[in-house]
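Top to bottom, those sequences are chains F and P. Each step along the first sequence adds one to the number in the numbering used here, with nothing skipped, and position 54 is 54. Each step along the second sequence adds one to the number in the numbering used here, with nothing skipped, and position 180 is 180.
If you're looking for bench data, these hints aren't it; they were derived computationally from the structure. Cβ coordinates follow ideal geometry from the N, Cα and C atoms, glycine included. Check before you lean on any hint, since a few could be wrong.
To be verified - One-sided excerpt, in silico: chain P residues whose CB lies under 8 angstroms from chain F: (1) 48; (2) 208; (3) 214; (4) 225; (5) 248; (6) 265; (7) 270.
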Amino acid sequence: MGALHRQRPYFFFLNQTSKIGERNILITSAVLSGLALGSMYGLIALGFHMTYVVSNTVNFSQGSSVMLGAVLGYTFAVRLGLPLPLACAAALLCCAAFGLLVERTLVRPFASRGSNAWLMATVAGGIVLDNVVLFTFGKEPRSFPPMLSERPIEVFGAGVFPLQLIIPVVGIAIAAALAMLLRRTRHGKSLLAVVQNTDAARLMGINVTRTIAVTYALSTALAGLAGLLIAPLFSVHSDMGTLFGLKAFAVAILGGITSAWGVMLAGILYGVAEALVTALLGSSHTQIAMFTLVIAALALMPNGLFGRAPVKKV
Amino acid sequence: MHAHVHFLHIVRHLAIAVAALIAAALPAAAQDTVKLGLVAAISGQSAKSGEAIVRGLSVALDEINAKGGLLGKKVELIVRDDESNPAKGAVAARELVQREKVAALFGGLDTPVSLAIVPFANQSKVPFMGVWAAGTPITRNGAAENYVFRVSAVDELVDKALVDYSIKKYQVKKPGMILINNPWGESNEKGLRAALAAKNIPFAGIEKFETNDVDVVPQLTRLKEAGADVLYLVANVAPSSQVVKSLDRMGWNVPIVSHWGPAGGRFSELAGPSAAKVHFVQTYSLSGKLSPKGDTVLAALKAKYPAIKTLADVTPAVGIANAYDAMHLTGLAIAKAGSLQGPKIREAFYAIGPYEGLIKTYARPFTSDNQDALSENDYIFTHFVDGEILRLAH
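If we strip away everything but chain P, and leave its shape as in the complex, we get (with noise of 0.2 angstroms):
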């Protein structure tokens, strides 16, 4: 009787040890390739935005697996969806950095979930590239040591840039805004002040509205009252379609500069014809004559995903360009840093460049300073024209 127990006692040990050795072994195994992790929304109201990123992501790293990958790997993209949940999206990324030891974090859409992932990325060394959340302080930060990157639109400029535009065409004199009533509205109210304020331009009021509100006709008489003669819109799709529809009703005709909300979904359904006067910024257009880059770029896309016909398919092209970018950049990191340690990747990222992008052409992409990739140089001003996005001249 005695025996037999000590017997099983072997056998257990025994067992543990061997899953021991196999669970070590495996990640080893599983190293023969480079991870690099994306956080995103995949479902829900943004899963759009999801798809187009990894979409401008796999692009891309098939370019780099085609030409022999990095450090001799294979790079493999392993995806997980925040569902626009700041909670979720830093549980995600912990388990990619802890679990699969990916080598670099990509990000989505939402500013929340992207300065949720901020503070764990500095803290485990480990570089979280963001290609579509454009809050202010996901890069600027403030950590001693930044491993937070970018290559997307940045609130603070945005609002600058929206500044200049309506001054450059519509010579702007006193503007009105009209904000989601939310963090992001909030951010863009004090980037807009300060660039107004730069400019010495007084503002006509500023007014908020709710995602779900149906009219918002009483805060844009208000505006109109108050001698607006420019409206600057901040808010996602459906809701910028109730501020067209308002203005269409009050037959009020006034130039509007807008974020890049509009870019987010079916915009020319939602807001009827009008939707054309909406002028919103963004970083690329697939639209018109494309660089060859581009042309290659859109090819590869239409290859892979047959589901892309026409170019209203590829909207939003920023989330597929920004990523497409990214991810070469990040390459190129990786290979110059020779080795996938966050720290060594970090300082590589500072000393990549010139890289002919699709785009721009990045003399020196990111600097201790800067680890934004694009300024208000690079941001272009678009238009909705029967569901597809255009380009508009400055």
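Chain F on its own, in the form it takes in the complex (with noise of 0.2 angstroms):
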């Protein structure tokens, strides 16, 4: 800390004790926050963007994965002492399992029905996890071992950990994977041919049952990826999931759920908007200037700021 004082004054334009060169600190530092949180919350939406895309539903407990991979990761790495690359692979393959076992128990038997009562159930299950975890986990926020958050680095002025640059890097990566694999590949177009006639692709031989409980083991991991990147950052309990889930899914709706690229830039826009709002406004206004502009933005572009309006046939 002492060396990052000492550091400042070779670094970029600014000068330390001029009023703007603070100003710029002040908004380097919310951008780069923003950038990180926000690549967050559009990892944990590319997970509802996958699920509507090929089945039409999402899982309301996204947030509970989110809880999960953190949670698990810091089992497998601290109570049993894995190390720490294998102990978030091990924490993804759980997430992913538990993905497998919304879509069969929660999902499946009411959407199979035609019952949109999936929303309901995936809600309900999400506090249930919450509370298993509660109890088995313990009542205590415990901390992830530090993974690139140890030593800050300073980017133009504004101290940043590492693992904060690295957020953003994996988001665009994984929705850049995405998007590529359903445009181009077999496989994708196979998924979006489930959703656009379930019927006709059962017909053309695409196993339908399995490709959307595949997806829905993509999504939760990814949501437990997200959970493994922010814990280092914060701490580990049992209901750091829950806002989480909340502000994924506003991000969700507002990038136009059917893009994966959209899903992505609005979880970066909203987060460097609510940083920006806090550091530039104060922190009383966040929520209510964060959750006003979603409002408005989605009253300007109801199919959100990158959907495409769906095609109806008459």
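Fit the two chains together into the complex; they arrive one by one in their own frames, and the hints show the way.
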């Protein structure tokens, strides 16, 4: 930390004592904070996007999957002493398995009957998971082992943990991969075929049930990944995911849930806007300003910022 | 046929009469002990506080019973979980008073729960002893006959103590506040504003943050930009550690003077090495050289609870110490009252003292104008080093 102070004068054109310089640091650090958090919202929102485009359903326990990723990562790495990469991989696999379970027990039984009760069932599933973790993992928040989050580096005068710069990179890479997968590969095209016409897809030999199940597994694994990425910057506890899940759903809708790129971009925009509002207007205005912005954006663009209007066949 | 029905009637009447007799006899038999009740968070995020209170009360209770109990009877503690929920706390208090006929109630960590119990305690004339929750209006509740007493910190006085400490230790000129966005944060904003106004010190700004905020850098940068030279922190352990991590990232080395939130959990683990920079208020610490009384209580704790091995296992010590002294003071009041009737115990509270307790020697712990046994002179400042709460020199 002392070193950081000494380094400061060498950086960029900023003069630490000038008001303009400090305002710049304020904005830079807000943008950097917002990029990391926003990419995390984007990652979770990509999970909403995936299940929506393939099955027209979403998993409202995504927030709890964020928590599950972090809690399992902590359990494997700290309590069982596995090396961190192995612990993270194991946690992601478990999250994927949880996704399969959610789809099989909370979505499929309702969706197959044309009922919308999966909506409430997945909300309930998330609450059940939160409480199971509360009783098994414990009540006290715990600290995740640091991953590139011990020593801050300086970017344009603002301190930032390297992990915070990695989260947006991971987020954008995954959004790009998903967009590629869906539009360019045979697997992806078969996914899209499922959503366009389930019966036709089935006739063409596509295993619809399995495709949807795999999508759920992938989407909860993404939420788990978001949890693992945020955990070193945060603390691990049973209700850590609730608010993330909520904001991510707002982001998914804002981005126009049908576009992977749109969802990721909306996440980053949301995160940066949130941090800027806090930095420039003060923290008491953040939630009011952000959700008003979301409502206004949706009123002006009902299909989200980057979504397309669904084609209605008559 | 008719006679048969008549017979059944008699049997039913008899059965009801016998049941009523048994019901009437039961409380009388149960009153062979003096019952005291505790309503605290035994489960949920604050479960550790409930555990500490139970331990402190129990060790004191054992000492009282070893000396023959109260009014010639053994004393018994009945514990109810409020799950940090005001409605559940109020129901539990009612049940303890009306069904279990407790002579006095003890309260837990959460100010909202205690505030929900206060009107009931005053109405039903049962002494209610706070051992943790610091909300100012718990004891200062405006009731004509106030049955609420406390052996703990008081928000309003803590805020004065935070300001005094920052003047003495850091010669503060322009402090900033970083407060949790809930009623606790709000009550301390009021207290800190008043305490600063009394000392004629301007403040750089007031920033709020949420319990689940990951990143507090934007708020802290605003305070830094406004020229804050000390930060007053009011938040529980997890959000407090997010403030410390955000400061680390900014590379801003500013003194932090805090309410006792960090004491409620694994602050060293959550906030990392910079946790030690946060100086927070406590009423008692088990670290360093203890008074003979401190040694006795620590030994009794270790004997009764084998899970306690090091000092890190008895954090937060405030819960234990406040509860221990509160139990003894309540015992003295009941003995002095010579009765289990609430109004008599209440009068006796004003008449007890001096009593050599764990936290201090109470000359006259309670008066009708001040039902708080501790004042800002009894607060100490501490910090976390490797999971242990250590005393700081003033």
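Cross-check of the supplied hints:
1. 48: Holds: closest Cβ of chain F sits about 7 angstroms from residue 48 of chain P, inside 8 angstroms.
2. 208: holds, 5 angstroms
3. 214: holds, 5 angstroms
4. 225: holds, 5 angstroms
5. 248: holds, 7 angstroms
6. 265: Since the shortest Cβ distance to chain F is 5 angstroms, the answer is holds.
7. 270: With a minimum Cβ separation of about 5 angstroms from chain F (threshold 8 angstroms), the hint on residue 270 of chain P holds.
When each numbered hint is compared with the structure, no violation occurs for any of them.
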